[in-house]
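J.: Spelled out from the first residue to the last, the chains are:
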Amino acid sequence: MNRFNRDDGMKQSFGIKVALGLGLLLMSAMAWGNPEPWQLNMTEGVTQSAAEVHNLHMIILWICVVIGLIVFGAMAVAIVRFRKSKGAVAATWSHNTTAEIIWTVIPVLILLAVAWPATSTIFRMADTTESEMTVKITGYQWMWRYEIVNYKGQDGQLNFVSRLDRDSDQTRQRGSGKNPADVQVDGENVYLLNVDRPLVLPTDTKIRFVITADDVIHSWWVPVLGWKQDAIPGVINESWTLIQKPGVYRGQCAELCGKDHGFMPIVVKAVPPAEFEQWLATEQLKLDEAARTAQNAASGASPAKG
Amino acid sequence: MATTHADHHDDHHDHKPSGFFQRWVLSTNHKDIGTLYLVFALIMFLVGGAMALIIRAELFQPGLQLVDPEFFNQMTTMHALVMIFGAVMPAFVGLANWMVPLMIGAPDMALPRMNNWSFWIMPFAFGLLLLTLFVPGGGPAGGWTLYPPLSLQGGNNVAMTIFAIHMMGVSSIMGAINIIATILNMRAPGMDLLKMPIFVWAWLITAFLLIAVMPVLAGAVTMLLTDKFFLTSFFNAAGGGDPVMFQHIFWFFGHPEVYIMILPAFGVVSEIIPTFARKPLFGYQAMVYATASIAFLSFIVWAHHMFTVGMPMGGELFFMYATMLIAVPTGVKVFNWVSTIWKGSMTFETPMLFALGFVVLFTIGGFSGLMLAIVPADFQYHDTYFVVAHFHYVLVTGAVFSIMAAAYFWLPKWTGHMYNETLGKVHFWLSAISVNVLFFPQHFLGLAGMPRRIPDYNVAFADFNMISTIGGFAFGFSQLLFVYIVWQTARGGQKATAGVWEGAKGLEWTVPSPAPHHTFSTPPAIDDSMLAHGNTAH
Amino acid sequence: MATRLTEEACFRAPTGERDIEIMTDSETIQRQRAAALRTVWILAAVALLVYVGFIASGVLAR
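Which chain is which? The protein sequence lines are A, V and F, in order.
Take our numbering: the last position of the first sequence gets the number 485, and nothing is skipped along the way.
Take our numbering: the last position of the second sequence gets the number 539, and nothing is skipped along the way.
Take our numbering: the last position of the third sequence gets the number 152, and nothing is skipped along the way.
Chain A with its partners taken away, still in its complex shape:
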């Protein structure tokens, strides 16, 4: 009296869709500076670290795809062949110790194969020694402060705050009437990914970062550099990068830090070392002038205000 003997097929076509989707993913391994519409895959980045990370990502992705095809394939076959409506009669066996051992040991071996390159990348990414430059990054609610602490042996005095650019900030207000698609720089949309003062850095230079925060936990992330690191009040985290290609690279805060967590982006402008040194010198001059002006104003005509 069991009326529940109806035909239903499903997993086969779903499995094929998954495989196709992932195939698309695998083919789309391009290096981008910033997110592209319809982007499917992780960036290859502009540093060796980013390239290694992308590599590891592809390895583990491929492994998952292959295992998935095997498992979902078997399920699809079973669902088609072993249906009561097709007259299948159930077997009675229900265990096989050899099988259990095989499908325990083989995954362990696969994982060991992945753990090996992952471990060496971790080692490389943790090595901040022999850097030529140190930059201090401090996260605030809701902006970043950058200080060039040291460049090639010289102590720096450059210290500035980097905030969401005005165009984005005005556009993002609720009911602003402005269109995010219109926030552009050189024909590229930079809505919520632009700042008033970018961090300029030299290419082909090992740069060490010391990262902290002033109030709550933030996280500094530029995808093309290949890593992110939390900025924690009371803690100083270390990281490093060596940028291989000049360009403008954009990132965002990656740890919930309050109402404007989504509105404190990061812009790194990577330029050849000569250009960087020029920039540094110019900024330094501006600082000196500003200090002189302030001094003059303080010791000038008006008496000091309370």
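Everything labelled a hint here was simulated from the structure, so no lab data went into it.
Predicted, not measured: the structure shown is a model, and the values here were computed from it.
Glycine residues also receive a C-beta, built at the ideal position from the N, C-alpha and C atoms.
Don't take every hint at face value.
Pair by pair, the computed Cβ-Cβ distance ranges are [what the hints assert, rightly or not]:
#1 V/Asn157 with A/Ile415: 31 to 39 Å
#2 V/Trp118 with A/Ser355: 49 to 57 Å
#3 A/Thr283 with V/Trp118: 41 to 49 Å
#4 A/Pro451 with V/Asn157: 49 to 57 Å
#5 F/Val136 with V/Asp528: 33 to 41 Å
#6 V/Ala160 with A/Ser478: 47 to 55 Å
#7 V/Trp430 with F/Val136: 43 to 51 Å
The list that follows gives simulated cross-link-like pairs (lysine-lysine, DSSO-like), each with its CA atoms no further than 30 Å apart [to be verified]:
#8 V/Lys229 with V/Lys344
#9 A/Lys265 with V/Lys229
#10 A/Lys265 with V/Lys506
#11 A/Lys265 with V/Lys426
#12 A/Lys265 with V/Lys17
#13 A/Lys315 with A/Lys465
#14 A/Lys331 with A/Lys465
#15 V/Lys496 with V/Lys17
#16 V/Lys344 with V/Lys426
#17 A/Lys424 with A/Lys315
#18 A/Lys357 with A/Lys448
#19 A/Lys424 with A/Lys448
#20 V/Lys506 with V/Lys496
#21 A/Lys315 with A/Lys438
#22 A/Lys438 with V/Lys229
Using the hints, position chains V and F against chain A.
T.: Structure of chains V and F alone, referenced to chain A:
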């Protein structure tokens, strides 16, 4: 004379308490308390779902159209708290309450009165939590993970949220104690541990996890409370404390917590698949050991939620290896499910559709989990939509699908009526398709660089966000169909037999449908052939 | 005999008690419940220990 006596006896066994208050508020009956949990969980699922739709509605297009960032953060925080503590966990506890005593031949839970308290704390806890949305300052907005210092920047909601969490914790701990005491002591004679239904094993192990880690969460939020109000500095660097310590303590709870939310799902699926494949569960003992291994391993992987926090290299390596290792017993379970259906004789009623959907889609969630385990890769995935995609696959197409599967599977036993099979199938297909439209694109968003917990985003992320939102609304409205089906089945429908399903085996299928108010008041005589795993030789 | 007691208990006792009275009617179940109560105290102690222990660890870590 004897017959009349027996009738009277049966009558009494179905004699329910009179009056709403007596029956429901003062219930000490595992079936009624199970129903209370399930109804509560369903309501909370809709509440949490509404919050999700607010989130997805705002994320439909770039720009801020509907809500301010502060409220958006309250929605993401509350959505998670409601879904985790109000929907998924209580639903599984409801399933345990209903089915565990029936499955082991016990008359009720070991401590029926404590069982009542366990449930009734929950509406009060959630009343308090949801009330935060209406007090000055609004609800908690620092994420369900409550990281300080951010979470302590909240106003009135801090104390209220913490008290609510304490209440939920007490409820869970008492419930877990009850379950262990019941399973270890109240089994009918002949129901050996390795003959128990796998759902019971899953819950036995889950209950141990609950007792081990809910007090840890309680400790963590207590320390938050004292930091906020009693001048301690556990997590305040300026006072000599460490914000990262909170993360360690929280995730020491948090990781086993996610296994608490999935092990019962494994149990449900391991009951349903053999039933509709008409073939015994493949590798019963291996399944038990795999579940126990997963539970044990879940204690030593917590820092994989914190790979970017600045851990020493040794720590990163250890947690990476341990996390990768968890894939192994999980894989064993998936292979065993596939082996169960292999050379079976399957039919595809709604419970089986959800169970098979679970196996495929949870596995996809498992794959993204394995990817997240690789530390250098995680540096790019962490705190992006890739993580959001991962945990929604394992929790929605995993835990929630298994709860729906269980509901369809056991509704006839609970209500005495068959649910409408056509509607059930429609619900399944609508859900299965829309849930993938909702969450699969989020993998791409994360890989492209979209962070989590942001109310607005660059136009590059617009296309997949729009698709995801469409999927979200489709999925959300499909669940109203589920509510209708459950309600309709409770009210009436084709009468269900005791056995309900052709391939069903176990003590729970020997009692009438609907199950009488009192069952197994005297322990049943157990014949191994009645049990799904009675044959110890297999 | 057990059946009759159960019946009487059913109609006599208030609701909540009914479930527990029915349970304690059977000797086997009575023994099981006694053992279960012991399990409960042990587990409750474990839960309390974990709670206090983690707060203590937070204090000691400072």
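J.: Within 30 Å, alpha carbon to alpha carbon, are V/Lys344 and V/Lys426?
T.: Holds. V/Lys344 to V/Lys426 sits at ~24 Å (cutoff 30 Å).
J.: If I claimed the Cβ atoms of A/Pro451 and V/Asn157 lie 49 to 57 Å apart, would that claim hold in this structure?
T.: Between A/Pro451 and V/Asn157, where Cβ atoms are some 54 Å apart, the hint holds.
J.: Does the structure keep A/Lys424 and A/Lys315 at a Cα separation of 30 Å or less?
T.: holds, 22 Å
J.: Under the criterion that the straight-line Cα-Cα distance not exceed 30 Å, is the pair A/Lys265, V/Lys506 satisfied?
T.: It holds: about 23 Å lies between the C-alpha atoms, which stays within 30 Å.
J.: Between A/Lys265 and V/Lys426, is the straight-line Cα distance small enough, at 30 Å or below?
T.: Distance ~20 Å between A/Lys265 and V/Lys426 Cα, so the pair holds.
J.: CA of A/Lys315 to CA of A/Lys438, is that 30 Å or under?
T.: holds, 24 Å
J.: Verify the proposed pairing of A/Lys265 with V/Lys229, using a straight-line Cα cut of 30 Å.
T.: violated, 66 Å
J.: Using the Cβ atoms, figure out if A/Thr283 sits within 41 to 49 Å of V/Trp118.
T.: holds, 42 Å
J.: Under the criterion that the straight-line Cα-Cα distance not exceed 30 Å, is the pair A/Lys315, A/Lys465 satisfied?
T.: holds, 20 Å
J.: Does V/Lys17 lie within 30 Å of V/Lys496 when you go C-alpha to C-alpha?
T.: Cα-Cα ~20 Å, so holds.
J.: Does the Cβ pair V/Ala160, A/Ser478 satisfy 47 to 55 Å?
T.: holds, 53 Å
J.: Does the structure keep A/Lys331 and A/Lys465 at a Cα separation of 30 Å or less?
T.: Between A/Lys331 and A/Lys465 the Cα gap is close to 21 Å, so the pair holds against 30 Å.
Going through the hint list in order, the structure does not satisfy hints 8, 9, 12.
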